Every structure is written in structure tokens, then in C-alpha cells.
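Engineer: Spelled out, the chains give:
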Amino acid sequence: MSMLPQLLFTGVSIGSIYALVALGFVLLIRSANIVNFAQGEFSMMGAYFMVILFAGLGLPYALALVLAVVLMTVFGVAFAWITYWPLRDRGQVPVIISTIGASILLANLILATYGPSPQVLPGLFDGTGFLVGNVFMDSQYLSIIVITVVLVALQYLVFEKTMVGKKLQATSQDREMAALLGIPVVAMIFGTFAYSAALGGLAGILVAPILYVSVGIGAMIGVKAFAANIIGGFGSIPGAICGGFIIGIVETLGAAYISVPYKDAFAFVMLIVVLLVRPQGLFGERIAEKA
Amino acid sequence: MKLLEVEGLTARYNAGDVLKGLDLTVDDGEIVALLGSNGAGKTTTLRAICGLVPHVSGSIRFAGTQILGMKTAAIARLDLAHVPEGRRLFPGLTVRDNILLGSSNRPGVARADLKREVDAMLDFFPDLKPLQHAYAWTLSGGQMQMVAVARGLMAKPKLLLLDEPSLGLGPLIVQQVFRIISQIRERGTTVLLVEQNANMALSVADRAYVLEAGTLLVSGKPDALWNNDQVRMAYLGGLAASA
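From first to last, the protein sequence lines stand for chains A and B.
Quick note: the first sequence, position 144, residue 144 per our numbering, numbers continuous.
Quick note: the second sequence, position 7, residue 298 per our numbering, numbers continuous.
Source of the hints: derived by calculation from the structure; they are not laboratory data.
As the structure is a computational prediction, the values presented were derived from the model and not from experiment.
Note that CB positions come from ideal geometry on N, CA and C, so glycine has one too.
It is possible that some hints are incorrect.
Said to hold, decoys possible - Computed from the model, here is a short list of chain A residues facing chain B with C-beta under 7 Å:
1) Q169
2) Q173
3) M177
4) D264
Excised from the complex, chain B in its bound form:
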């Protein structure tokens, strides 16, 4: 079942068109990676889906609802969560409160249930448990990324948008982040993943789209992309891919 259907998406900032008629779909239960170099339009695609780009045209259907033109908060309340580039934690709030606020798209949930959900989330991210009362600004980059993902999952999203989760992290932490992305899929959450680290992204993705200058260059399953010379040389690193 198609959870997200993007058709002919064009997005424009003052400098000009960033996306030029992009088509992509995400099926229920999939991890789909969005790859490409800097400026290809990956982050803009996620921001357009969330209603953060003012000048967009085309069509974005999420769970059967046309969300193009809807307000950002209203889109979030359809159970679409976005973990943006740079984590964007609330620095003056604790880890626990940051995670708790992830449930803001579900305003009717009882306080006791939310407390249980936050405790369960801290069980899922055991490294965060001892830090739950620390202010977010005191955390390391890797810890911040865990909190950002935990906050996204607190939305109980049908679709989780992950933007550059490995950015600025050391190799061991990157591996840990991608292990968590695999575990998120095992929990049944669909993921649209934007990532510069194409090798890692393809290791967890079911399908991938490669963007170039706002248009779709190629799409397919990871195996097919590994064997595509153009993609391999440009985005996967020739040596790593041929290994």
C-alpha cells in the first residue's frame, strides 16, 4: 500500500527552483533512502512534505490525504514525524521533556500513558536513560541524535522522515544510529531517509532514489544501484562499491 505519493513536486526558494517535478513513493513498512550530493534537493523534499517550503506545486498524498498546502502542525497530526537535519532539540528542556514533546501530535493521550510511553522509549534507547534529566544542550552529538529519533518515534508515526542522521557523528556512533534505524523498521515504522552516507543508507534501505539538481537521476533497489556505474562513481565511492 502506498503511504506517501509525491507527484510532479516543484519547490522554489528565492534563488530559483530546487525541485523540478519530482516523483517518488514510499510503501507501508519500507525504508526508502533519498540520496544525492549537496544541493540535490533531498532536504527540500522532506521540508516540502512537511509544509515548510512556501512555494511548492504538484501533489503530495499521505495516507490517502492531499497534504500539499496544509499547515505543518496539521500534517504532523496525521502521524507524520520529521527528525530534521541538525537534531533541533529544545536546548532548555530536559531529555525526558524533549522526548515527551514528540507526542504533541496526539493531544488526547492521558498523562499516565505518556509517562509509560516515555519510559518505554528510554528502554529502547538505554544510553539515554541516565541522561533523562539532563538539559538537551549538554549532550554530545550522538546523544542528541538518539533523543531526536526518540522524539520522532514518540509521535507513533506512520511515516518517519529522517534527515541526515549520521551528519557530524563518529563512525561507531553512525553504526549505532543505523542499527537503530533497522530496529525502527522491525517495530513496523515506515522510514524515508535522507543521507549523504550512501553506503550506510543502502545497507538498511529497501529502495532508494538518487537526486541530482532537483530531478530524479535513478531509482531502484540497493543491489541495482550498487551496480549502476554512474551512481556508484558519483555517490557510493568507486572503491567501496566495487569491494
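Here chain A stands alone, though its shape is the one from the complex:
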């Protein structure tokens, strides 16, 4: 039991990464009403942009990080232009298939360029951390938690308290009506893709020093972030955050107390349990209530 606080700290930190990527999922569900299965690859792309800028070009870490996030923003717009825009009026399924195709393409592009060997990136700070009681606060894990908390708070404020956030919600709920009110629907959707990609990219950069940078990082994070969405309630911002934390904690505790090789399975066991007990997720609304 003495390990529990340390494991919870690690679990919350890893869960923060899933929460950030899950937030990207939710934003696109809420603004464009689509599920982007390449969301995990956004994390992989962010990490590889960082490899190019920091390890390849030798830029200072902070500058490389800012540029990588900016590049991810531009990448998000290009992604929307290619995978979403031509199919926007054809329903959800073609867009979902398009994002799955893009995910496969991106992973293989990286594989062809960098090969299967993992790349190494340093953390945000040089120091290794400090002790609080008997919990070692690793600086990278702590940075992930702090950045996630700040971003989540900012996103909540934007969505709930600003006109832009309300316009995004309106666009998600009824795109035609939003346009009738004069809301620039296209800009709203492309902006969401850009922010979503930046968020995913940042998650990839933050987790890179812990997991290493490899092609598989995208699929692993993406699938767990998707599971976080389902656990929290599809399309719910608080749900995505809590779902991310739950998966991070469950898989860390499961790995420590049950089995390391089955670490990834715990997230999906949790997903199955939630679907059986509460199919709408922790924060989801029952469909009947929406009618």
C-alpha cells in the first residue's frame, strides 16, 4: 500500500495525456459532429515534429516545442481540408473511414521515413524531480499534470463562457441553423481541427520522454483516448477528462498489482464494464432524454 500514492501520481499523469487527446476527440465531435480516428496520430506527428526541430535541426527546446505546436495547428487545417471537407455533406461514416485511412497513411509515412526504431526526446526540465512525503514528483510527470489542468481550465472557459465557445456548440448542434444566424461555420470547424491537432501534438510531445517516440505511439494513445471518451460519455468534456484519468490510473494500478504484460488490457476491461453498467458513460445523457 505504500506504493499507492506514487502509483496514483503516475496514473494521473499518464491519464492526463489520454485526457488531452480525448479532449481533441470531443471538440471535433462537438463542433463538426465527426469522430476522428487519426486523433492518436496527431500525437505521433507532434512528437516527430519535435524530433525534427529539436534533435534534427538543433533548435532550443522551448522554441522547438512552440514551433512543433504551430506546425501541428497548420497540419490540423490541412488534415481537415483533405480528409473532412470533400466529404462534409455525405454523413458521418465516409468521414470516419477517411480519418482511419489518414491514420494508416500517416503511420506508414513516418515508418517509411524514420523506420521502426524509437527516437529519444528529453523532458521539459533538466532536473529529475523532488520528494513530497514519500511520493517522488518526477518533473516530466508533474509538467504533464500541470499543463493538462491549465489547458482543461482554459478550454472550459472558452466553451462555456465565451461567444466563440457558444458558437462552436451551436455549430455542432445544428450547422445549418448556425449559418442562418451568421456564424462562420466553416471557420469554426477548421479552427477546431487546428486546435484539436495542436492539443494532440502537445500530448505527444509531453509523453515522448516517457514512452519514446515511435510509430506505435499514435495508435496506442488514440485507442485509449477513444476509450476514455466512451467511459466518460461520448461528446462530454468533463467525461473525456475523467475518462482519461480513470484509464491512466486503472492501467497503472493494474500493471503494478496484477500484471505488467496485461497493462493495456485493463483500459479495455474498464471500457467493457462501463458499457455494461452505464452505456451512456459517466457523464453522458441517455438518448431518450435528448429526444
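Position chain B against the provided structure of chain A, taking the given hints into account.
Structural biologist: Then chain B, alone, in the frame of chain A:
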């Protein structure tokens, strides 16, 4: 002064032409009713004006600007508001936020001014005041219609398009809705009203157009239409009109 001029408007869906060379005008300060049976092309006319019908030809001039072919949001920013059939509120947003979003066509307005405008709108619709923090999906049909009209008025429109505002409402609520339409005119807003309830529509309108199968059957002042046998029998109900 002509605020809206529609000339030779033809609109087509996959099934064929819905509007076949429609002409109509709306003058500044008027309430103009668009009447006709189901499928006559009333709603399509409003949707074509707002840029929501892909295959249209002819001419639509609004406040001197040719708007045919313009994007829907750009047309809204010319201060043309549309309260569509079925209310189309944003169900996951509150009454207050739904009303606030009506101002989206005026992006430069300060936050404090918008708050004052929403408060003023809630004064104009006092029934909505206690419901302002309720989610739109929890409202009754009549309450939803009030919110939809309030949202339309938040655009401070030169022209308000109202599509079937009485649809699905009880008689007392319908009377309340039409009282509000009269009050909107008193505020100086021009209204183009599509309505199946021809009796109520003619009671508030300055002029009316009657459509049939996508073409104009007849137009004129309400008195003239009340006395037109063809219109009276087809759209106004013989007994009610002769009363």
C-alpha cells in the same frame, strides 16, 4: 422603399422545380404573408432567400444587394434573420445562450452591450425570463417558438423571415404568437411571414401572396383576398371568411 425584391425565382430540388418564376416584393416596415397549401413552395421561398437551396435562378435583391448565390452566413450578416419551421433551437444550450447567439451576425458588439440586449429581449418576452437558464430541449412548443423569435430579433434584422410560427401550437399560444408579430412590426421590423393559418396571417399582414404549385396565384391586401372566392374557398375556409 423596396427592402426585398424577388424576380423570376426558380428553385429546384432533385424531384423537380419547386418554384417556377416567382416574383414578390416586401417594402420597408411591412408585414407580408406568404400563403398556400402544403408543397406550394412557401418554405422553399424563404430557404432560397437565405441561400439554403442549391439550385436557384432569377434574382433576389435585399436592401439593394444581389444576394442570390451568396453564402447563408454572409446573407445573415446583411441583417436578414430567419426563424425557420420547427424552431431549430440549439437543444444543449440554455434559453439565454440561444437568444444571445441571435446576435452572431453582428460580431463587433461588446459583451456588456449584448448582455443588456439579451436582458431587454427577456423583458420583451417576460414568459421566458424565469426560464432563461433552462436548456432549450426542456421547453414546451410555445416557449420554444418565443425563444426562436427572440433569437431572430437579436439579429436586429432589417427583415425577419418567419416560417410557420403557429405550427403545432394550441389556439391560445397561437394568439399570443400573433400578438408578438404585431408588436414586432410596432418596433419597426419588416416581416415576411409564411403561414398555413391564413386567417391569423391575414389579420396581421399588410399584403399577402398566395402560392400554388410554385407559382403566384394571386396577391393583394387582406381585404381583397378575403373577397376572392377562389382564395377564400381554397385557403381561408369558406365559413370563416364569410363570417
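Engineer: Close enough to count: is the Cβ of D264 of chain A nearer than 7 Å to one in chain B?
Structural biologist: 34 Å, violated
Engineer: For the hint on M177 of chain A, does the least C-beta distance to chain B fall short of 7 Å?
Structural biologist: 4 Å, holds
Engineer: For the hint on Q169 of chain A, does the least C-beta distance to chain B fall short of 7 Å?
Structural biologist: Interface hint status for Q169 of chain A: holds (6 Å vs cutoff 7 Å).
Engineer: Just to be careful: measuring from the Cβ of Q173 of chain A to every Cβ in chain B, is the smallest value less than 7 Å?
Structural biologist: 4 Å, holds
When held up to the earlier numbered hints, the structure conflicts with hint 4 and nothing else.
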